[in-house]
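> Sequence:
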Amino acid sequence: MTRPGTIVVFPAYDDNPFLRLLLSVAKERESRIVSTVTLDELEAALKPLGAGDVLHWNWVAQVTQKPRTPWGAKRSVDRTLRMLDAAKGRGVRLVWTLHNTLSHDARNAAQDARLHQELADRADVIHVMNRATESAVTDFTLPEGRIRYLPHPSYVGVYPPAVDRDRARARLGVAADAFAVLALGHMKRYKGVLDLVDAATGAAVAGPAIIAFGIDHALPAVLENADWMPLWGAVIVYIVAAAFAAVLLYVYTVNTAKVSQAVLFSLRSRLFDHAQRLSMEFHETYTSGRLVARQTSDLESIRDLLDQGLNELSRGGLFMAFTLVAMTLLDPVSGLVLIVALVPATLLTIWFYRKSTSLFRETRTTSARMIQYFVETMTGIRAVQAFRNEKKNEREFGDRVEDYRDANVRTIQIFGIYEPGIVAIGAISVASVVVVGALRVASGDLAVGALLAAMLYARNFFQPIQGIGMFFNGYQSASAALEKISGVLEEEPTVKEPEQPATMRRLRGAIDFENVRFAYNENAVVLPDFSLNVPAGQTIALVGTTGAGKSTLAKLVSRFYDPTAGAVKLDGVDLREITNDDLRAGIVMVTQEAYLFSGTVGENIALGKPSSSKDEIVAAAKAVGAHEFISALPDGYDTDVNKRGGRVSAGQRQLVSFARAFLADPAVLILDEATASLDIPSERLVQEALQTLLADRTAIIIAHRLSTVAIADRVLVMEYGRIIEDGTPEQLVAQGGKYASLYRAWQDSLV
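In our numbering, the protein residues as written are 7 to 757.
Calculated directly from the structure, the hints in this document are not laboratory data.
Virtual Cβ for every residue (Gly too), placed ideally from N, Cα, C.
Each hint should be verified, as a subset may be incorrect.
[Unchecked claim] Quick list of simulated restraints, FRET-style, between CB atoms:
no., residue 1, residue 2, range
1, E396, A542, 45 to 55 Å
2, D233, V447, 22 to 32 Å
3, D405, W357, 24 to 34 Å
4, R81, E396, 45 to 55 Å
5, E306, V429, 20 to 30 Å
6, A392, G543, 38 to 48 Å
7, L353, F603, 49 to 59 Å
8, T291, R523, 12 to 22 Å
9, Q282, G743, 40 to 50 Å
10, R720, F603, 31 to 41 Å
[Stated by the list, open to error] Pairs of lysine-lysine residues, derived as DSS-like cross-links and limited to a Cα-Cα distance of at most 30 Å, are as follows:
no., residue 1, residue 2
11, K53, K94
12, K502, K561
13, K53, K502
14, K744, K575
15, K502, K575
16, K53, K80
17, K615, K628
18, K502, K80
Can you make the complete structure from the sequences, with help from the hints?
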């Protein structure tokens, strides 16, 4: 294979194991590698490429999942194909790694299938993760002659050079899949683990041969010559072999358990860390129930495979191979009978493997839907009971449970064919060996001990196949689970850390919106063209009807989202140039939903400043009027909020969140309906505390209660993403406009 000059990878993520391994191989080959994530980056990287260069394509969904509409996905695919055709015209080779065929967005499934087919038609080499991936292809056609199953010599880097990939593939049997990519990185810590199973299996297989020696040679020596040495020798060797196999099996089991737990720890931590780094856009569309399913049932499926399935496969496969070799050496005719019986067993296993692929993916999907609905119902249990929605939820949850049950029943049905089929083939094989062997014993061509050993080998030969069948059970389930976990890990934060961050010294808190346009999607523009200057230290209040864009402004200032166009600046610096650490230290938002984490009241307040002392925590609570109710709790600031007696009301939770914000001492404080859950006495306490909390800092208050708005230096009335009134509360009341109407209605409500 010609050494490529430049390898362009699309898309290339920092946490992508394929990219890291590709980098190591590219370094060995002295190739230059260019990592791209967006289509703009890909287009720029492809322009200088020519003959001898390579484009390595990873994920189709990177093109189709970003647009929120089918026509947007079509435009992205059209642009991608133009770039590919231009690069191919200059002699660039296209290498495509087909990981899975799932669509990440049902709305864009047609464009997913289209791009899959176009890539299949244009690719010089298509690397398929495994045959299960190939069999799952239904919406497009893979061309013959260009498919390579990983690992393949033409693939530039799935495994690091230090790993003996050929031996690993032969022994694990699934090295072509992502499980091996995960496991082999840890397997290097236990270099002798795979050799242990060889030795243990060899010792276990030696048993019937030793028995044959004892019957055919040791017993005649006792009966004819009174020579007990061969018999005692056979007994001792048999016991030593069994003990040796047991010890090696123990060491192997312990070490593989360490490897599997290391893999699970790494994957579980990556999933948690990655989910925390993802932007608010992801969490507002990807429900918490689905994330819980990824961390629980999906990871449990992978754990089952790593803890049991891989052991069954490696030990079972080697046991069958060693048994077949031993039986052929002992009696070639009996070995031939076993080989013939292996043909229908293999065909039945292949049928089972292909049938189970889609069924296990269906069980994972229905399981996730069931867990998602359960989590969402329990999270909103107050609303469910308040509106007497229990019966409806029971029916809908019952439908999801029934879907899950039906998917499992269909899976069990194919097991009902596979397992009895293997048992029947095994029984027929043993009977055939016995019949053929008995005829040969009668004719004097085979010794009785050899026949007994052949029968034992034939009986033992098919036992691991059922274990391997159970491996396929766990493998298919874990593969489907890993696809879903990969879907989360493939997600990239839409709000990214700056490559060259600005140096931020002490923040003053001046905020500027410069010609900002923002839309959650192409059909829902919230801020069409918005400009605003908030001087440092000023308190502004945003009022207006629901959907006017008030909370969107708060999210943009907090940089939960980036504007579609224009810029939001803090002290003259674009927020996109400020690191997340500096941004979170300088801007704090208090929302209507005051969340208390597990732990004590004091620990929850200390979230605003983890290094704070007890005195600072108490001072923050006193400043916002929370000290009195906290002191009345059973253990004061050390009261566990989740234990009996430590329950706090919604208003008290909000006071704790105020104390948390006060302790953080940000340059900019955002209150998004933060007083909505407070009763009148608590609100009055907070009103007094806000005078202290908002002093010498910029504040943005979003509120429907005009009692909170009254403390603002400036009021902005918003409608349809635009400011229609701007002034002090007194000025706006005097003008008699929208705010004046709201103010009069509020006053009337107090009478």
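> Now tell me if each hint is right for this structure.
The hints, checked one at a time:
Checked against the given bound of 45 to 55 Å, the beta carbons of E396 and A542, roughly 52 Å apart, stay inside it. One distance hint, 22 to 32 Å for the beta-carbon pair D233 and V447, holds here, with the actual separation near 24 Å. Remark: the range hint 24 to 34 Å for D405 to W357 is upheld by a beta-carbon distance near 31 Å. About 46 Å separates the C-beta atoms of R81 and E396, a value consistent with the hinted range of 45 to 55 Å.
For E306 and V429, the Cβ-Cβ distance of about 29 Å falls inside the hinted range of 20 to 30 Å, so the restraint holds. Restraint check, A392 to G543: a C-beta distance of roughly 43 Å satisfies the suggested window 38 to 48 Å. A hinted range of 49 to 59 Å holds for the C-beta pair L353 and F603, which are about 56 Å apart. Take T291 and R523: their Cβ atoms lie about 21 Å apart, and the range 12 to 22 Å holds.
The beta-carbon spacing between Q282 and G743, approximately 44 Å, falls within the hinted interval of 40 to 50 Å. In this structure the hint that R720 and F603 lie 31 to 41 Å apart at CB holds, the actual value being about 34 Å. For the hint pairing K53 with K94, the CA-to-CA distance comes to about 11 Å; that is within 30 Å, so the pair holds. At most 30 Å may separate the alpha-carbon atoms for a hinted pair to count; K502 and K561 meet this at roughly 15 Å.
Between K53 and K502, the direct Cα distance comes to roughly 26 Å. Compliance with the 30 Å bound is thereby established for this hinted pair. As the CA atoms of K744 and K575 are separated by approximately 29 Å, the hinted pair is consistent with the 30 Å bound. A distance of roughly 16 Å separates the Cα atoms of K502 and K575; the hinted pair therefore holds under the 30 Å criterion. Distance check on the hinted pair: K53 and K80 sit about 22 Å apart at the alpha-carbon level, within 30 Å; holds.
A hinted pair counts as satisfied when its Cα atoms are at most 30 Å apart, and K615 with K628 qualifies at roughly 16 Å. Simply put, K502 and K80 have alpha-carbon atoms about 26 Å apart, close enough for the 30 Å limit, and the pair holds.
Violated hints are absent here; each numbered hint is respected by the structure.
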